[in-house]
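A.B. asks: Starting from the given sequences, assemble the full structure and let the hints guide the process.
2 protein chains.
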Amino acid sequence: MNSVILLKNRPAGKPSLKDFEFTEEEKPQPTEGEILLKTKYVSVDPYLRGRMRDEKSYIEPFEVGKPMESGIIAEVVESNNKNFEKGDFVNGMLQWKQFQTSNGTGLNKVDSKKAPLKAYLGILGLTGMTAYLGLEKIGKLQKDETLLVSGAAGAVGSVVGQIGKIKGCRVVGIAGSEEKIDRIQEKFGFDAAINYKTTDNMKKAIAAACPKGVDVYFDNVGGEILDAALANMNKFGRVINCGAISLYNEIKRPMGPRVETTLIKNSILMQGFTVRDFVKDFGPAQKKLSEWLEDDKISYLETVVEGFESIPQAFIDLFDGKNKGKMIVVV
Amino acid sequence: MNSVILLKNRPAGKPSLKDFEFTEEEKPQPTEGEILLKTKYVSVDPYLRGRMRDEKSYIEPFEVGKPMESGIIAEVVESNNKNFEKGDFVNGMLQWKQFQTSNGTGLNKVDSKKAPLKAYLGILGLTGMTAYLGLEKIGKLQKDETLLVSGAAGAVGSVVGQIGKIKGCRVVGIAGSEEKIDRIQEKFGFDAAINYKTTDNMKKAIAAACPKGVDVYFDNVGGEILDAALANMNKFGRVINCGAISLYNEIKRPMGPRVETTLIKNSILMQGFTVRDFVKDFGPAQKKLSEWLEDDKISYLETVVEGFESIPQAFIDLFDGKNKGKMIVVV
Numbered sequence: 001m002n003s004v005i006l007l008k009n010r011p012a013g014k015p016s017l018k019d020f021e022f023t024e025e026e027k028p029q030p031t032e033g034e035i036l037l038k039t040k041y042v043s044v045d046p047y048l049r050g051r052m053r054d055e056k057s058y059i060e061p062f063e064v065g066k067p068m069e070s071g072i073i074a075e076v077v078e079s080n081n082k083n084f085e086k087g088d089f090v091n092g093m094l095q096w097k098q099f100q101t102s103n104g105t106g107l108n109k110v111d112s113k114k115a116p117l118k119a120y121l122g123i124l125g126l127t128g129m130t131a132y133l134g135l136e137k138i139g140k141l142q143k144d145e146t147l148l149v150s151g152a153a154g155a156v157g158s159v160v161g162q163i164g165k166i167k168g169c170r171v172v173g174i175a176g177s178e179e180k181i182d183r184i185q186e187k188f189g190f191d192a193a194i195n196y197k198t199t200d201n202m203k204k205a206i207a208a209a210c211p212k213g214v215d216v217y218f219d220n221v222g223g224e225i226l227d228a229a230l231a232n233m234n235k236f237g238r239v240i241n242c243g244a245i246s247l248y249n250e251i252k253r254p255m256g257p258r259v260e261t262t263l264i265k266n267s268i269l270m271q272g273f274t275v276r277d278f279v280k281d282f283g284p285a286q287k288k289l290s291e292w293l294e295d296d297k298i299s300y301l302e303t304v305v306e307g308f309e310s311i312p313q314a315f316i317d318l319f320d321g322k323n324k325g326k327m328i329v330v331v
Numbered sequence: 001m002n003s004v005i006l007l008k009n010r011p012a013g014k015p016s017l018k019d020f021e022f023t024e025e026e027k028p029q030p031t032e033g034e035i036l037l038k039t040k041y042v043s044v045d046p047y048l049r050g051r052m053r054d055e056k057s058y059i060e061p062f063e064v065g066k067p068m069e070s071g072i073i074a075e076v077v078e079s080n081n082k083n084f085e086k087g088d089f090v091n092g093m094l095q096w097k098q099f100q101t102s103n104g105t106g107l108n109k110v111d112s113k114k115a116p117l118k119a120y121l122g123i124l125g126l127t128g129m130t131a132y133l134g135l136e137k138i139g140k141l142q143k144d145e146t147l148l149v150s151g152a153a154g155a156v157g158s159v160v161g162q163i164g165k166i167k168g169c170r171v172v173g174i175a176g177s178e179e180k181i182d183r184i185q186e187k188f189g190f191d192a193a194i195n196y197k198t199t200d201n202m203k204k205a206i207a208a209a210c211p212k213g214v215d216v217y218f219d220n221v222g223g224e225i226l227d228a229a230l231a232n233m234n235k236f237g238r239v240i241n242c243g244a245i246s247l248y249n250e251i252k253r254p255m256g257p258r259v260e261t262t263l264i265k266n267s268i269l270m271q272g273f274t275v276r277d278f279v280k281d282f283g284p285a286q287k288k289l290s291e292w293l294e295d296d297k298i299s300y301l302e303t304v305v306e307g308f309e310s311i312p313q314a315f316i317d318l319f320d321g322k323n324k325g326k327m328i329v330v331v
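Residue numbers (full-length UniProt numbering), protein chains in the order written: chain A, 1 to 331; chain B, 1 to 331.
Among the hints, erroneous ones may be present.
In this list, chains with the same sequence are indistinguishable; a pair is considered to hold if it fits within one copy or across any two.
In silico PhoX-like pairs for lysine-lysine, Cα to Cα no more than 25 Å straight-line [unchecked claim]: (1) 56 <-> 265; (2) 265 <-> 66; (3) 140 <-> 235; (4) 109 <-> 38; (5) 212 <-> 252; (6) 265 <-> 140; (7) 143 <-> 114; (8) 56 <-> 18; (9) 265 <-> 137; (10) 204 <-> 165; (11) 280 <-> 140; (12) 14 <-> 27; (13) 287 <-> 297; (14) 297 <-> 114; (15) 165 <-> 297; (16) 14 <-> 143; (17) 167 <-> 288; (18) 252 <-> 235; (19) 8 <-> 265; (20) 56 <-> 204; (21) 235 <-> 137; (22) 235 <-> 27; (23) 56 <-> 203; (24) 324 <-> 288; (25) 265 <-> 165.
Hint data in this document are derived by calculation from the structure and do not stem from the laboratory.
C.D. replies: The following block contains the structure:
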């Protein structure tokens with residue numbers, strides 16, 4: 001038999017285990033042209049919360065009663081497709097099932113000799129691409145500029161900050177615990193860090209940590225931290241709106257200070273960033289990140305949880321900041 | 001003697017005549033290298049309200065007790081500077097004085113044979129540059145896209161819409177009276193128009209007028225109309241934050257729905273636009289606008305008020321929408 005995780009109902013506010021349902025189905029059989037995949041590593045990410053809402057976005061919403069899906073590394077255990085061999089590993093958007101079939105569309109083979117398989121879900125996967133391409137395509141970060149990053153201890157944020165240091169920038173991170181603040185400075189080399197949970201006035205704290213103002217703000221959280229960052233942006237500053245985890249579980253439409261006069265005063269750019277818009281740029285980005293990894297210029301953390309049955313809880317834990325870096329479930 | 005208009009106090013809310021003071025001073029004498037200028041046409045513009053606040057922006061605030069200034073066409077009535085002759089006309093940021101001296105810095109000569117002098121404050125001046133360069137540099141408007149414009153009957157908005165039609169786009173305007181709605185469709189060729197003062201649900205009204213969604217929104221007003229436009233933006237939509245007249249007279253920091261999740265969902269760009277950032281591009285923009293004017297592809301309206309003493313009231317009238325197109329005072 002084959003275990004499957006379904007979306008049971010759309011969460012109101014923070015997701016809970018009650019929003020997911022485990023079910024069993026027949027183990028599928030690959031037909032002509034298909035492969036049978038065994039799930040090995042499952043990526044859980046904050047953006048999945050958005051897909052649990054019933055609203056139009058850059059990606060279709062999940063359907064109630066249907067399987068969840070996310071980035072997954074799977075092993076080819078049977079192949080009726082000449083492009084894949086038994087024993088290959090592939091990376092793609094796959095369903096939360098122990099076994100599933102595929103015709104190969106949208107799957108990329110990954111090489112376990114070049115990097116640990118898990119890395120293809122993180123630093124060499126969408127996480128690394130998000131950090132690299134967000135900074136390059138929207139941030140257009142230049143040497144000697146000041147880069148501010150929220151969610152700085154997270155999977156994306158920690159890579160963003162390290163790229164900023166490689167590019168010769170002052171890098172300031174925002175995170176939610178003393179342990180994270182220490183980590184991003186000691187392990188990831190950020191120049192300064194702010195614990196937003198113990199800071200009363202974020203606007204002043206950012207001003208103090210960024211004496212030359214902020215040129216690029218890579219935002220993973222949205223909300224009041226974004227407000228405080230905007231108040232510190234330099235002329236021609238750029239805001240990469242990559243995530244808004246502080247708002248994902250809000251039920252009402254969140255309100256805040258209007259941004260338009262701030263944008264006009266300092267010719268500031270804000271742009272929503274979704275890594276899927278830049279698939280054609282993944283090749284060069286992955287090459288650069290691989291080089292930095294080999295040269296020990298960049299490092300990453302993973303929180304690895306074991307067991308297919310742990311996937312929903314691992315996802316929920318993201319919203320309590322329980323992960324260190326990339327959250328991955330090993331099946 | 002020489003009449004001068006000073007900023008008497010920083011307005012709280014909407015400016016009134018009490019915020020200005022008329023005074024007299026000695027008529028100045030040009031020294032070596034200087035010219036004496038006689039004010040002919042004075043441009044009054046909504047953005048001056050921002051300079052009346054005591055806060056940092058893209059341009060220095062006005063000082064209380066000092067003369068106001070704005071875009072002015074003046075005649076050279078005496079010259080001790082080899083670059084200018086008596087009888088020349090110049091355009092520049094000048095003080096609200098009947099006469100003033102200058103060393104010529106920042107002044108451009110204008111040719112009254114090529115276009116009416118007043119046009120250099122409007123369609124061939126900052127107004128035209130704002131419309132043209134905002135659309136080009138941030139909007140990157142393409143044929144067959146849908147362009148939405150607020151303040152559509154105003155000096156900038158009416159030019160924006162006409163450029164959109166020249167480029168082969170569907171153009172929808174937002175304005176605040178039936179007469180303006182008629183004008184932008186009949187005189188300026190907009191495809192559709194919305195009277196925001198008589199429309200309950202702007203979000204639905206924009207959706208109805210823009211059946212293919214909005215690709216570029218040229219925003220002169222900010223506030224709730226911006227909210228409604230954002231809700232209708234297509235994937236990769238661009239918002240040119242050019243003005244926010246609906247907020248300029250607010251005393252408290254205005255609040256509204258947060259934009260970050262909307263930007264992320266549809267990869268939307270919002271960018272503050274200030275025409276002064278693009279001075280190096282004025283030449284080609286002015287050339288293009290002149291061609292369109294000569295070919296009758298573009299037209300403009302002016303509201304002309306007479307008398308130096310009318311300048312403050314003409315400025316105040318902008319906030320009640322009393323102008324048709326560009327507001328100019330003839331001295």
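A.B. asks: Of the hints given before, which are not true for this structure?
C.D. replies: Hints 5, 7, 12, 16, 22 and 25 are the ones this structure does not satisfy, whereas the remaining hints hold.
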